Amino acid sequence: MDFNLLLIIGGASAIAFYMAWSIGANDVANSMATAVGAKAITFKQAVIIAGFLSFVGAVFVGPHVAETIKGKIININVISPETLLLGFISSLLAAAIWVTISTWKEMPISTTHSIIGALMGFGIISCGVSSVNWGQVGFVAASWVLSPIAGCILAFLIFKIIVKLIFSKDDPVKSAKIVGPIIIGFTAFIITSSLLLKTSLSKRFDISDIEGVIIAIIVSIIVGALGIYLLRNIKAKKVEDYLTVEGIFRKLQIITSCYVAFSHGANDVANAIGPVAGIIPLASNGIMSVKADIPTALLALGGIGIAIGCITWGHKVMKTVGERITILTHTRGFSVEFAAATTVLTASKLGLPISTSHTVVGAVIGVGLARGLEAVDLSVIKKIVVSWLLTLPIAAITSITIYLILRTIII
Amino acid sequence: MVTEKNHFRAPIQDTIRRKSPFEQLIEHMSKVRECIDILGKGLIRYYTGNYKGFSDITKKVSKLEHEADIIKGNLRNHLPTHLFMPVDKGKFLWALREQDAILDHAENLAHMLDMRHTKIPKSVQNIFIEHIKTVMKTVSAMEDAVVNIRDLVETSFIKKEREQTKEFIYKVHSFEYEADKKKYDMTREIYKIEKNLKPMDVYHLLKIADWVDDIADHAENVADWLRAMIAK
Chain U
1 MDFNLLLIIG GASAIAFYMA WSIGANDVAN SMATAVGAKA ITFKQAVIIA GFLSFVGAVF
61 VGPHVAETIK GKIININVIS PETLLLGFIS SLLAAAIWVT ISTWKEMPIS TTHSIIGALM
121 GFGIISCGVS SVNWGQVGFV AASWVLSPIA GCILAFLIFK IIVKLIFSKD DPVKSAKIVG
181 PIIIGFTAFI ITSSLLLKTS LSKRFDISDI EGVIIAIIVS IIVGALGIYL LRNIKAKKVE
241 DYLTVEGIFR KLQIITSCYV AFSHGANDVA NAIGPVAGII PLASNGIMSV KADIPTALLA
301 LGGIGIAIGC ITWGHKVMKT VGERITILTH TRGFSVEFAA ATTVLTASKL GLPISTSHTV
361 VGAVIGVGLA RGLEAVDLSV IKKIVVSWLL TLPIAAITSI TIYLILRTII I
Chain E
1001 MVTEKNHFRA PIQDTIRRKS PFEQLIEHMS KVRECIDILG KGLIRYYTGN YKGFSDITKK
1061 VSKLEHEADI IKGNLRNHLP THLFMPVDKG KFLWALREQD AILDHAENLA HMLDMRHTKI
1121 PKSVQNIFIE HIKTVMKTVS AMEDAVVNIR DLVETSFIKK EREQTKEFIY KVHSFEYEAD
1181 KKKYDMTREI YKIEKNLKPM DVYHLLKIAD WVDDIADHAE NVADWLRAMI AK
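Keeping their order, the protein sequence lines are chains U and E.
Last residue of the first sequence: number 411 in the working numbering, and the count goes up by one each step with no gaps.
Last residue of the second sequence: number 1232 in the working numbering, and the count goes up by one each step with no gaps.
Simulated from the structure, these hints should not be mistaken for laboratory data.
This structure is a prediction, so every number in the text was calculated from the model and none was measured.
Glycine included, C-beta positions come from ideal geometry on N, C-alpha and C.
Mixed in with the good hints there might be a few duds.
Examples of chain U residues toward chain E, derived with CB under 8 Å [said to hold, decoys possible]:
no.: 1; residue: Trp104
no.: 2; residue: Pro108
no.: 3; residue: Phe189
no.: 4; residue: Ile190
no.: 5; residue: Ala236
no.: 6; residue: Val239
no.: 7; residue: Ile327
no.: 8; residue: Asp377
no.: 9; residue: Val380
Below are the PhoX-like pairs computed for lysine-lysine, each with C-alpha atoms no more than 25 Å apart in a straight line [stated by the list, open to error]:
no.: 10; chain 1: U; residue 1: Lys164; chain 2: U; residue 2: Lys72
no.: 11; chain 1: U; residue 1: Lys169; chain 2: E; residue 2: Lys1159
no.: 12; chain 1: U; residue 1: Lys383; chain 2: E; residue 2: Lys1019
Which stretches of chain E does chain U cover? Using the computed rule of at least three CB atoms under 8 Å from a CB of chain U, they are [unchecked claim]:
no.: 13; region: 1007-1018
no.: 14; region: 1079-1092
no.: 15; region: 1144-1154
no.: 16; region: 1167-1176
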């Protein structure tokens, strides 16, 4: 490997690290803010949980989405390696610039949408419209609309379950001690199975899918039983003791916030390291292969970037957002987090890059529609749709500009 | 209102209204409660001919009415169409409006009584006192109904809590009915002794009966709008 290639990979990794930092600082932090705002966990705990679990999610479940970004958005077989190399770098740079500007301006854009838009722009300018995998892009775009809706429906259902099985009962506290841990057990099942089905972890320990499911079931039963055991001493203080129910969910919310951080890492790490994953084989031996595994070191770099983002800037984000949304009580926060994390993790396993913050908004609206919130501002939907429509062309044009500049300089 | 930029993207913080509208309604309610408490106690002293300190009470009532007005304005001006609430916003605003009408009537009553110290004849004093006590009970029952909104919201309007609110509303209705009956008794008693009184006194006594009873009427209206709000 000569010096120039080292420089390219080093530079690209640096931008990727910056993107990861930005994701950690912003997206993870505001997804965890519900738990912090509800005082289920402290800022310090949130930062540590978010940093660590985003890292775990990124390293073990991250490759699915990274594959999509690396090799499925643009048709890499029709573009020459040199062009691809330039394209990935300009896309990454364009996404990083747009994310920085929109963050400064506080627009509800998504890093995911920026990187996809940037890649599309580069694809179109380098080898024409046909070099973009429009089918795949359509699929991804559909997932952007579907993910908030899925979050909304799931949150609606979970909250309705909480109302029906806990609040409507004669002894809500007693029901909460059973129903809460069962949902947590279910959460443990989803996390464990996502870690063990078709991941590097299952390959290393040679775990088949069925074995993975069995392990996940065992883990979920243990977690559920442990939850019921730990909550056994909580007693209702009066007949309609909704405060104690909220107290139980405050404890359970610690688990769902971990769930959010984990899912978030799994999905969003790809936005930062996906393009670099494409560059590494190109730079080292000039061929682009979809098959080439994404190096764990690169996933770890993304994971560390997210973790550092959480620790440095995320503190401020969590504090500010948390203070603004204190109206979200523990049962509501629990529903929102469970719904959003489940949607994001499912999308990650399917290799779909989606926006976590938009899914969280969908989940909040879902709880609102279930009559769980006192006032939900639906104008946010308009803002999000506008951000979708803006982000794609802006990221694309930025990427095209950078690509053209780089091409004139280098070639 | 200029919001300070924090330089991060967090669409979730725009999704949820910062202040709870129901908590604000309850806050407004507590002003009503405080006002009726002060005015009721003042009225009982006034009825027995003790006018000392009534001007202070009038001032306090005006102050509370003004504070409540600010809460009402804040609440009403920040419920745009794109805000989704678990209850009908129109009915919610009507409940607020009726709650505010209680304060308007209380303020009006206090000022009118303070302007002209009308002597309440011995023979009707007792029934006047009983009447204001019933009116105070109506408002207090209404407060129970309004405060129960907290549980309704927390449990997302389950049947059990709706039934409980309905019970409080029935209480408001029965107290209001009692207050109405007392008002007719008062009017009847006043007509009985009209020949011994100056015409202006008769006018004022009848007016007091009306004004005080208006408070109970509006408390009942609040309860009715609450009932409509929680109807499935």
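Hints and how they fare:
Among the interface hints, the one on U/Trp104 holds; its C-beta lies about 5 Å from the nearest C-beta in chain E, closer than the 8 Å criterion. With its C-beta approaching chain E no nearer than about 4 Å, U/Pro108 sits inside the 8 Å limit, and its interface hint holds. With 8 Å as the threshold, the beta carbon of U/Phe189 stays out of range of chain E, its nearest partner Cβ sitting at about 27 Å, so the hint is violated. With its C-beta approaching chain E no nearer than about 22 Å, U/Ile190 sits outside the 8 Å limit, and its interface hint is violated.
Because the beta carbon of U/Ala236 sits about 14 Å from the nearest beta carbon in chain E, more than 8 Å, this interface hint is broken. Among the interface hints, the one on U/Val239 is violated; its C-beta lies about 10 Å from the nearest C-beta in chain E, farther than the 8 Å criterion. The interface hint given for U/Ile327 is met, as the beta carbon of that residue sits about 6 Å from the closest beta carbon of chain E, less than 8 Å. Among the interface hints, the one on U/Asp377 holds; its C-beta lies about 6 Å from the nearest C-beta in chain E, closer than the 8 Å criterion.
For U/Val380, the interface hint holds, since its Cβ comes within 8 Å of a Cβ in chain E; the closest pair sits about 5 Å apart. About 44 Å separates the Cα atoms of U/Lys164 and U/Lys72, which puts this hinted pair outside 25 Å; it is violated. The hinted pair formed by U/Lys169 and E/Lys1159 meets the criterion: a straight-line CA distance of about 10 Å does not exceed 25 Å. The suggested pairing of U/Lys383 with E/Lys1019 holds, with an alpha-carbon distance near 21 Å, which does not exceed 25 Å.
Interface restraint, the region 1007-1018 of chain E with chain U: holds (12 residues with C-beta to C-beta distance below 8 Å; minimum three). Remark: the region 1079-1092 of chain E is confirmed as covered by chain U, as 7 of its residues place a Cβ nearer than 8 Å to a Cβ of that chain, reaching the required three. Check on the region 1144-1154 of chain E: 3 of its residues sit with their Cβ under 8 Å from a Cβ of chain U, so the three-residue criterion for coverage holds. Check result for the region 1167-1176 of chain E against chain U: violated, 0 residues qualifying (beta carbon to beta carbon below 8 Å, three or more required).
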